[in-house]
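Residue numbers (the working numbering), protein chains in the order written: chain G, 47 to 160; chain A, 65 to 179.
Take these hints with a grain of salt, some might be off.
As the list claims (entries may be wrong) - Only part of the chain G face toward chain A is listed, based on derived beta-carbon distances under 8 angstroms:
#, residue
1, Ser55
2, Phe80
3, Gln88
4, Ser89
5, Leu90
6, Leu92
7, Gly99
8, Glu147
9, Thr148
10, Gln149
11, Tyr150
12, Phe151
13, Pro153
14, Gly154
Stated by the list, open to error - Simulated crosslink set (DMTMM-like; lysine to aspartate or glutamate; CA at most 25 angstroms straight-line):
#, chain 1, residue 1, chain 2, residue 2
15, A, Lys125, G, Glu147
16, G, Lys87, G, Glu68
17, A, Lys171, G, Glu133
18, A, Lys135, A, Asp118
19, G, Lys87, A, Glu84
20, A, Lys113, G, Glu105
21, A, Lys125, G, Asp134
22, A, Lys125, A, Glu84
23, G, Lys110, A, Asp118
24, G, Lys66, G, Asp111
25, A, Lys171, G, Glu147
26, G, Lys101, G, Asp144
27, G, Lys66, G, Glu133
28, A, Lys171, A, Glu152
29, G, Lys87, A, Asp118
30, A, Lys133, G, Glu147
31, A, Lys113, G, Asp144
32, A, Lys113, G, Glu147
33, G, Lys87, G, Glu133
34, A, Lys122, G, Glu147
35, A, Lys122, G, Glu133
36, A, Lys122, A, Glu79
37, A, Lys171, G, Glu105
38, A, Lys125, G, Glu68
39, G, Lys110, G, Glu133
40, A, Lys171, G, Glu109
Hints are computed from structural coordinates only; laboratory data are not their basis.
In this text, a Cβ means the ideal position worked out from N, Cα and C, and glycines have one as well.
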Amino acid sequence: GAVVSQHPSWVICKSGTSVKIECRSLDFQATTMFWYRQFPKQSLMLMATSNEGSKATYEQGVEKDKFLINHASLTLSTLTVTSAHPEDSSFYICSARDYLETQYFGPGTRLLVL
Amino acid sequence: AQSVSQHNHHVILSEAASLELGCNYSYGGTVNLFWYVQYPGQHLQLLLKYFSGDPLVKGIKGFEAEFIKSKFSFNLRKPSVQWSDTAEYFCAVNVAGGGADGLTFGKGTHLIIQP
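Construct the complete structure from the given sequences, taking the supplied hints into account.
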């Protein structure tokens with residue numbers, strides 16, 4: 047149980063394009079999902095909290111217009127990196143929180159912006 | 065805001081050795097504590113968690129951790145490691161009862177077990 051999937055697993059795009067990443071909780075409902083970013087050989091940094099049916103909450107320093115989050119259902123949250131630039135290249139990881147306040151993580155999406 | 069410190073960035077052990085990875089946090093209130101493991105090429109997996117109650121918690125794969133409130137610590141232990149324990153280990157915290165509170169992670173400890 048408690049499986050979280052992400053799609054795509056990796057994506058390469060040109061600078062200036064937008065990229066959408068999906069995060070799904072496969073066997074449980076998650077009113078809250080989280081998006082993290084992990085740089086090479088570093089830890090995960092929380093970007094934003096995604097709440098079903100309401101606006102996302104962004105951490106300080108994260109541009110909400112750059113990283114659009116939509117949590118349209120209890121099993122799906124999407125992160126759209128708008129007008130991506132090379133500095134946005136990173137490993138993006140989502141997690142879904144169950145009713146016991148435990149977060150389960152997806153496998154991550156590696157984004158490379160050329 | 066809370067912060068997490070993992071003192072050992074790289075640890076190399078031989079099989080059957082005992083393991084203890086340090087984790088300290090700073091926060092003025094009550095926290096939930098977690099250890100996650102990331103095997104090479106895989107995603108983060110929950111090893112164990114502490115919310116309340118018995119400060120000694122047992123997780124999967126023979127791991128355990130002890131919460132010592134007075135020391136703000138949540139060290140991870142395993143009495144006898146195996147080669148398959150080679151991985152990156154992350155300690156994380158969030159605010160207890162915070163509902164939709166994201167995790168704050170330590171920088172991770174890269175554990176290498178030599179056969």
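Comparing the hints with the structure gives:
1. Ser55: violated (10 angstroms)
2. Phe80: With a closest approach of 5 angstroms, the G/Phe80 hint holds.
3. Gln88: It holds, given that the least Cβ distance between G/Gln88 and chain A is near 7 angstroms, below 8 angstroms.
4. Ser89: holds (4 angstroms)
5. Leu90: Check passed: Cβ of G/Leu90 comes within 5 angstroms of chain A, closer than 8 angstroms.
6. Leu92: Constraint on G/Leu92 satisfied, holds at 4 angstroms.
7. Gly99: Because about 12 angstroms separates G/Gly99 from the closest Cβ in chain A, which is outside the 8 angstroms limit, the hint is violated.
8. Glu147: Holds, because the Cβ-Cβ distance from G/Glu147 to chain A comes to roughly 6 angstroms (cut-off 8 angstroms).
9. Thr148: holds (6 angstroms)
10. Gln149: holds (6 angstroms)
11. Tyr150: Holds. Min distance 7 angstroms.
12. Phe151: Holds, because the Cβ-Cβ distance from G/Phe151 to chain A comes to roughly 4 angstroms (cut-off 8 angstroms).
13. Pro153: holds (4 angstroms)
14. Gly154: holds (6 angstroms)
15. A/Lys125 / G/Glu147: holds (22 angstroms)
16. G/Lys87 / G/Glu68: Holds, at roughly 24 angstroms.
17. A/Lys171 / G/Glu133: Holds, at about 21 angstroms.
18. A/Lys135 / A/Asp118: holds (16 angstroms)
19. G/Lys87 / A/Glu84: Holds - the C-alpha atoms of A/Glu84 and G/Lys87 are around 21 angstroms apart, at most 25 angstroms.
20. A/Lys113 / G/Glu105: With a Cα-Cα distance of about 24 angstroms, the restraint between A/Lys113 and G/Glu105 holds, given a limit of 25 angstroms.
21. A/Lys125 / G/Asp134: Outside the cut-off at roughly 36 angstroms; violated.
22. A/Lys125 / A/Glu84: It holds: about 15 angstroms lies between the C-alpha atoms, which stays within 25 angstroms.
23. G/Lys110 / A/Asp118: violated (40 angstroms)
24. G/Lys66 / G/Asp111: Since the Cα atoms of G/Lys66 and G/Asp111 sit roughly 14 angstroms apart, the hinted pair holds (cutoff 25 angstroms).
25. A/Lys171 / G/Glu147: holds (22 angstroms)
26. G/Lys101 / G/Asp144: holds (19 angstroms)
27. G/Lys66 / G/Glu133: Holds - the C-alpha atoms of G/Glu133 and G/Lys66 are around 17 angstroms apart, at most 25 angstroms.
28. A/Lys171 / A/Glu152: holds (10 angstroms)
29. G/Lys87 / A/Asp118: violated (34 angstroms)
30. A/Lys133 / G/Glu147: holds (20 angstroms)
31. A/Lys113 / G/Asp144: Holds, at roughly 14 angstroms.
32. A/Lys113 / G/Glu147: Within the cut-off at roughly 10 angstroms; holds.
33. G/Lys87 / G/Glu133: holds (16 angstroms)
34. A/Lys122 / G/Glu147: Between A/Lys122 and G/Glu147 the Cα gap is close to 18 angstroms, so the pair holds against 25 angstroms.
35. A/Lys122 / G/Glu133: Roughly 40 angstroms separates the two Cα atoms, so the pair is violated.
36. A/Lys122 / A/Glu79: Judged against 25 angstroms, a Cα distance of about 21 angstroms means the pair holds.
37. A/Lys171 / G/Glu105: Holds, at about 18 angstroms.
38. A/Lys125 / G/Glu68: violated (30 angstroms)
39. G/Lys110 / G/Glu133: holds (16 angstroms)
40. A/Lys171 / G/Glu109: Roughly 23 angstroms separates the two Cα atoms, so the pair holds.
Hints 1, 7, 21, 23, 29, 35 and 38, counting from the list given before, are not met by this structure.
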